[in-house]
Amino acid sequence: MLEVQGLRKVYSTGGREVEALRDLTFTIDNGDLVCLVGPSGCGKTTLLRCIAGLLTQTSGTVKLDGHEVSGPPPGLAMVFQEYGRSLFPWMTVRDNVSLPLKQKRVPRQRRDELVDQALEAVGLAGTESAHPWQLSGGMQQRVAIARAVAYEPSTLLMDEPFAAVDAQTRADLEDLVRALWQRLKVTVLFITHDIDEAVYLGRRVIMLSSSPTVVQDEITVDLPAERDQLHTRADPRFTELRTHVYEQIQAAKRGRPASIG
Amino acid sequence: MLEVQGLRKVYSTGGREVEALRDLTFTIDNGDLVCLVGPSGCGKTTLLRCIAGLLTQTSGTVKLDGHEVSGPPPGLAMVFQEYGRSLFPWMTVRDNVSLPLKQKRVPRQRRDELVDQALEAVGLAGTESAHPWQLSGGMQQRVAIARAVAYEPSTLLMDEPFAAVDAQTRADLEDLVRALWQRLKVTVLFITHDIDEAVYLGRRVIMLSSSPTVVQDEITVDLPAERDQLHTRADPRFTELRTHVYEQIQAAKRGRPASIG
Amino acid sequence: MKRFLYVAGLPILLFFGWFVLSNGSENFYAPPLRDILRAFVDTWTPQRLNDDVLPSLLRLLSGYVLAAALGIAVGVAIGLNRRLRATVEPVLEFFRAIPPPVLVPVIMLFAGIGNGMKVIVIVFGCVWPILLNTVEGVRAVDSVQLDTAKAYGVRGFARIRTVILRSASPQIAAGLRQALSIAIILMVISEMFAASNGLGFTIVQFQRSFAIPEMWSGIILLGLLGFALSLLFRLAESWALRWYHGLRDAQRKS
Amino acid sequence: SEDGGGDSVDQVKVGVIPIVDVAPIYLGQQKGFFTNRKINLTMESGQGGAAIVPGVVSGQFQFGFSNFTSLLLAQTKNVPIKAVSAGVSSVGEQGKDFGGVVVNANSPIKTAADLAGKKISVNTLKNIGDTTVRESVRKAGGDPSKINFVEMPFPNAPAALAGGQVEASWLVEPQLSQAKAAGARLVASNFVDAAPNLSVAAYFTSAKLEGEDADLVKRFTEAMNESLTYADAHPDEVRAILGTYTKIDEKTRAAMILPKWPTEINEASVQTLADLGAKDGIFDGATPDLSKLLP
Amino acid sequence: MRSKALLGLSGLAGLLLVIELLPRLGLVDDSYLPPTSEIAAALADELGTTAFWQAVGDTLTGWAIGLLIAVVAGVLIGIVVGAVPVLRAATASTIEFLRPIPSVALIPLAVLLYGTGLGSVLLLVVYASFWQVLVQVLYGVADVDPIADETARSFRFSTWARIRNVLWPTALPYVFTGIRLAASVALVLAVTAELVIGAPGLGKLIAVAQTSGAVPDMYALIAVTGLLGVAINLAARVFERRSLSWHQSVRGEVPA
Ligand SMILES: Nc1ncnc2c1ncn2[C@@H]1O[C@H](COP(=O)(O)OP(=O)(O)OP(=O)(O)O)[C@@H](O)[C@H]1O
Ligand SMILES: Nc1ncnc2c1ncn2[C@@H]1O[C@H](COP(=O)(O)OP(=O)(O)OP(=O)(O)O)[C@@H](O)[C@H]1O
Ligand SMILES: [Mg+2]
Ligand SMILES: [Mg+2]
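Chains as they are written, first to last, in the working numbering: chain A, 1 to 261; chain B, 1 to 261; chain C, 1 to 254; chain D, 1 to 295; chain E, 1 to 256.
To be clear, the hints were calculated from the coordinates, so they are not data collected in a lab.
Be careful, since some hints might not be right.
Below 27 Å or equal to it, Euclidean Cα-Cα: the simulated DSS-like pairs (lysine-lysine) are [stated by the list, open to error]:
#1 Lys2(C) <-> Lys63(A)
#2 Lys208(D) <-> Lys82(D)
#3 Lys251(D) <-> Lys82(D)
#4 Lys208(D) <-> Lys118(D)
#5 Lys104(A) <-> Lys185(A)
#6 Lys185(A) <-> Lys150(C)
#7 Lys218(D) <-> Lys180(D)
#8 Lys150(C) <-> Lys104(A)
#9 Lys96(D) <-> Lys110(D)
#10 Lys102(A) <-> Lys150(C)
#11 Lys13(D) <-> Lys260(D)
#12 Lys180(D) <-> Lys119(D)
This structure is a prediction, so every number in the text was calculated from the model and none was measured.
Use the sequences and the hints to build the structure in full.
Next up, the structure:
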């Protein structure tokens with residue numbers, strides 16, 4: 001279980017003080033799939049970094065399975081918003097994906113299998129020997145996704161992971177994440193700015209307010225567990241939920257809670 | 001007028017040969033707003049770089065107003081897909097935006113005005129003195145957009161410029177681009193992977209096939225010139241067009257033209 | 001052909017200029033290039049190369065390799081650890097500012113007068129550019145790359161090897177390149193003490209015995225040596241950093 | 001210098017090595033022997049001939065100080081220089097000279113003959129040190145071709161000797177006294193072995209200056225001779241003036257052996273140096289022409 | 001900041017302690033490496049003489065002028081050569097040929113041209129430290145992010161503007177390393193030139209102390225050289241912190 005309690009983060013670099021997060025409290029059960037939406041610059045990335053133990057909060061606590069997070073917990077995989085910078089340019093695509101597995105001491109054969117599967121799943125079979133900078137933006141982002149997928153994490157943090165891919169690929173990747181989640185029972189925290197995506201993917205959607213950031217609202221997505229791109233999105237309940245989220249986000253941008261409709 | 005004729009680009013770095021563009025031919029009238037969609041990795045960025053004169057094609061020609069493009073033509077502004085790396089980390093947001101204006105010898109006062117307006121328009125008023133790396137991903141992308149907008153270009157090339165911003169901001173920025181286009185009669189070539197966005201924004205939509213890349217299809221968006229987020233998107237013609245584009249993209253990914261429906 | 005022109009064009013021009021300008025030189029210390037070239041052929045016989053240049057080269061290479069290993073290892077440690085950096089930096093700067101010629105006697109106290117001393121002098125002199133560049137390169141590793149490594153549990157030696165060293169490698173290469181020519185310079189300086197053979201020793205000996213054309217021919221040989229070594233270095237670098245050059249050239253040239 | 005005997009004072013720079021040997025010129029400067037002859041001296045110190053000879057040849061210095069083997073070497077290469085006055089000479093007495101070969105107190109080396117086959121430090125290879133040390137060994141009946149000379153500046157040699165890195169060291173004052181005080185034992189007086197009353201070094205000028213301003217050279221030689229004579233006669237003043245341009249401490253200054261400063265260059269001894277050098281092959285087969293070098 | 005200074009001082013103190021103990025414990029003969037206390041006493045004596053301060057002044061003058069020339073020339077030539085591929089290709093071999101020629105081999109040339117004056121020192125100092133700056137600048141210029149450069153090109157920045165706004169900030173960290181390397185090489189060469197040629201300055205004092213067997217004095221003077229190096233580096237660091245506050249290496253220092 002992931003517990004975030006009273007989380008606050010103030011950046012102070014170069015004389016500039018920014019309160020990125022004011023007071024966040026929420027919990028995520030193990031094996032849950034939670035989507036996080038919020039206006040640009042509201043502190044989503046900051047939150048993810050705190051949860052991953054990459055950033056020290058100013059106050060408040062983050063606990064994973066009862067232990068306070070101080071460094072990246074084992075079994076965690078993260079897809080960074082800056083996908084381009086999170087790939088190592090000196091390694092080929094294959095090496096980029098397999099490096100974390102090597103660290104996990106996955107035997108060579110299994111590693112190759114996992115890497116091939118993951119690259120296949122994101123549609124990058126055949127680019128194994130390329131370097132990241134020889135790929136298009138969307139392809140780079142998919143390499144980063146493949147790396148997280150191949151890792152078979154127990155906690156998966158994704159920061160706008162589909163921002164650079166086309167609509168069709170995006171739909172495929174959404175289904176990939178749901179399949180992975182169902183197969184491995186992994187806890188997923190997924191940041192997106194696409195409201196439809198949040199509702200389609202998540203079992204819950206947490207909405208953040210704009211700065212100073214608090215949890216604006218939270219809904220449970222009571223759509224059936226078996227979802228598919230055509231039918232789920234056509235579901236009237238889907239439309240209802242997305243409208244609700246949309247209104248909350250607009251309210252968040254205006255800086256006050258919308259009357260819940 | 002922008003004429004692209006028989007454009008072909010083959011990358012050959014490190015023993016790897018990739019035919020990014022096979023044979024592209026299309027023209028864009030001055031003052032037109034054209035959206036370009038296509039599967040991830042099909043060569044959209046490559047095309048834009050060739051048009052901007054940043055990359056030399058393998059064969060074919062790019063002509064702007066009858067002159068062959070060999071270097072970046074005057075009055076051109078470009079928003080790069082790698083927005084993070086295209087901002088200068090050693091400059092503040094204000095300096096990043098105003099530097100091209102300085103290069104254009106815009107007088108100081110006018111420059112400040114333009115910069116303030118542009119930052120205001122993208123919702124970044126108040127961050128002038130921050131450095132890019134102190135901003136969130138979406139904010140960085142908006143700085144890059146502000147830089148292009150403040151420049152008041154005659155040709156505007158945008159490569160997935162709204163990929164990192166939330167839905168609401170995205171809608172605002174779409175309207176910003178249309179307003180700019182209408183006000184300055186600027187020629188806009190806009191890459192996006194959001195089909196709705198392509199149809200909503202463009203006067204024409206060009207669809208590229210997947211590799212080896214050719215022009216898959218092209219439509220003229222016959223929606224009224226005055227568009228707004230609510231009504232235009234609700235227009236049945238809008239839905240029709242977006243469905244057409246969607247089908248073409250799916251066909252492109254499968255590698256053959258869909259029967260035009 | 002074009003490549004050859006680039007590589008050889010300017011040197012040929014300069015040599016030609018030197019040749020013409022020095023032709024009638026009466027100055028004892030700046031003899032005509034003609035004489036120098038003649039001395040070059042007479043002086044650097046295979047026997048001489050074997051007796052004097054080979055030992056020098058061996059000392060040079062062992063010193064360089066040691067300096068590279070030491071500089072990179074210490075540089076990574078210092079670059080990664082802020083407290084360590086604050087502690088040892090003044091001491092390192094202290095030693096860095098001491099001219100090797102005055103330090104040689106102190107080194108001799110501990111290392112004797114054999115090849116060991118000369119190798120240590122070379123290490124002592126050429127470790128600095130490697131060390132400094134490594135420290136700066138390590139400090140400049142992209143924060144997102146570091147975070148990625150951290151998040152995926154890439155830590156300890158693997159993190160250093162697969163992320164930090166690779167990311168810093170362009171700057172380390174700059175240091176290694178600098179160090180190479182400094183190593184040659186230090187080779188000469190170390191042979192000014194307690195030596196009885198070597199290229200540096202021979203040049204100094206020529207200088208002292210007023211064999212000026214021979215001395216200049218030795219200096220030319222040093223230059224050629226440096227050029228050859230740097231050629232080798234460049235080959236090694238373009239292999240090790242092919243990702244980097246590819247990355248930098250990708251958009252630029254194509 | 002242009003007007004020869006006029007009132008103008010000549011500015012003269014002399015390249016010297018700041019050691020005991022050049023005490024007379026400092027003393028002469030102090031005593032006014034040079035200003036009397038309308039010469040205003042400036043001392044430029046360099047570490048050995050490599051820095052001084054080019055300075056004199058190019059006219060940066062008017063005069064320089066160098067040992068005779070170096071001067072002979074220069075002569076064989078036709079460096080345009082000319083000796084103008086004596087510089088310094090050996091004391092000429094076994095065991096009482098200002099230079100010599102020392103070994104550690106417990107060394108098995110007892111006589112010069114034992115030096116054969118040993119590792120000996122000299123300040124400069126192929127120069128006056130190794131040729132004269134070889135002569136010592138030769139005279140004592142040892143095989144001089146077996147000696148293994150290593151090059152080491154005088155100041156560093158005592159440490160190397162004490163540390164066992166060399167088996168013997170050729171030293172001059174003040175290191176000689178310091179080493180002896182620390183327990184080293186003298187086994188050869190190489191200058192004495194080489195020739196009686198060996199002329200070790202000289203002041204020289206460029207052939208150009210000698211041709212163009214013979215008057216200045218003459219005045220310099222006179223002043224030099226006066227200084228040499230005065231220094232030879234006043235050892236206490238020599239010891240005192242050493243304190244001004246060196247950092248030799250007072251105790252060592254009092255204890256050290258001073259060289260001789262005759263005004264005449266002992267031509268026979270210079271010829272001996274030339275022969276020794278030729279024997280050891282340091283002139284590359286050439287024969288030095290003394291007449292071109294000596295005044 | 002305070003604690004950083006303390007750490008640095010403790011490092012230096014450790015060094016002093018080691019040098020005090022080495023001879024005291026009999027690990028080396030104290031007549032060749034005297035303990036810190038004796039060196040300090042000799043240093044105290046030196047500090048009282050005007051000759052010493054004169055020498056420090058002379059050395060620093062040669063150092064500063066030489067370094068300035070080397071840095072300005074190195075940066076200018078480095079940027080021009082680095083930014084123009086043709087020039088870079090045409091000069092690479094010559095640079096590699098000239099670079100390893102040791103300054104010490106140029107001593108006769110220096111004396112020939114300038115005697116023992118400042119000119120000799122400058123020739124050697126500039127020759128040695130110029131390459132340090134040049135090579136660093138060349139590598140720095142090559143490190144420009146292609147996207148940043150394309151951005152500048154797409155907005156049709158003039159060559160000068162690209163150099164000033166893109167090339168220069170990217171190369172700056174390399175330049176700083178180059179300057180720090182050159183600063184100490186310049187000091188080393190200034191002292192060496194004085195030592196060998198006998199130009200006035202600290203090096204000459206060291207040479208005199210050496211030939212006179214005044215060992216503690218010699219070490220005291222060497223220590224002064226080292227301390228000058230520390231001071232120079234300190235100044236460079238402060239300067240660097242100011243002008244590179246945006247750079248990863250400096251902003252990474254601030255605990256997140
Ligand atoms: N390193 C930093 N130094 C200073 N301020 C920072 C830093 N990183 C982020 N911030 C500030 O913290 C706030 C939240 O940033 P964060 O990156 O978490 O936003 P976000 O929700 O991920 O936005 P986006 O959707 O645009 O990526 C922003 O106002 C940003 O300016
Ligand atoms: N520098 C390069 N070297 C080699 N191949 C490259 C390089 N840049 C791009 N490519 C290849 O060219 C093809 C097209 O890339 P491009 O970046 O133009 O795609 P894109 O349409 O912009 O994709 P996306 O929507 O994912 O950004 C890809 O297959 C990519 O691997
Ligand atoms: Mg973010
Ligand atoms: Mg792209």
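Now for the hints, and whether the structure bears them out:
1. Lys2(C) <-> Lys63(A): violated (64 Å)
2. Lys208(D) <-> Lys82(D): holds (9 Å)
3. Lys251(D) <-> Lys82(D): violated (37 Å)
4. Lys208(D) <-> Lys118(D): The given pair, whose Cα atoms are some 44 Å apart, is violated under the 27 Å limit.
5. Lys104(A) <-> Lys185(A): holds (19 Å)
6. Lys185(A) <-> Lys150(C): holds (23 Å)
7. Lys218(D) <-> Lys180(D): Not OK: Lys218(D) and Lys180(D) at ~41 Å, beyond 27 Å, violated.
8. Lys150(C) <-> Lys104(A): Satisfied, since the Cα-Cα distance of roughly 13 Å is no more than 27 Å.
9. Lys96(D) <-> Lys110(D): This hinted pair holds, its Cα atoms lying about 17 Å apart.
10. Lys102(A) <-> Lys150(C): The hint holds at about 14 Å.
11. Lys13(D) <-> Lys260(D): Satisfied, since the Cα-Cα distance of roughly 24 Å is no more than 27 Å.
12. Lys180(D) <-> Lys119(D): Between Lys180(D) and Lys119(D) the Cα gap is close to 19 Å, so the pair holds against 27 Å.
Figure legend: structure checked against the earlier numbered hints; hints not met, in rising order: 1, 3, 4 and 7.
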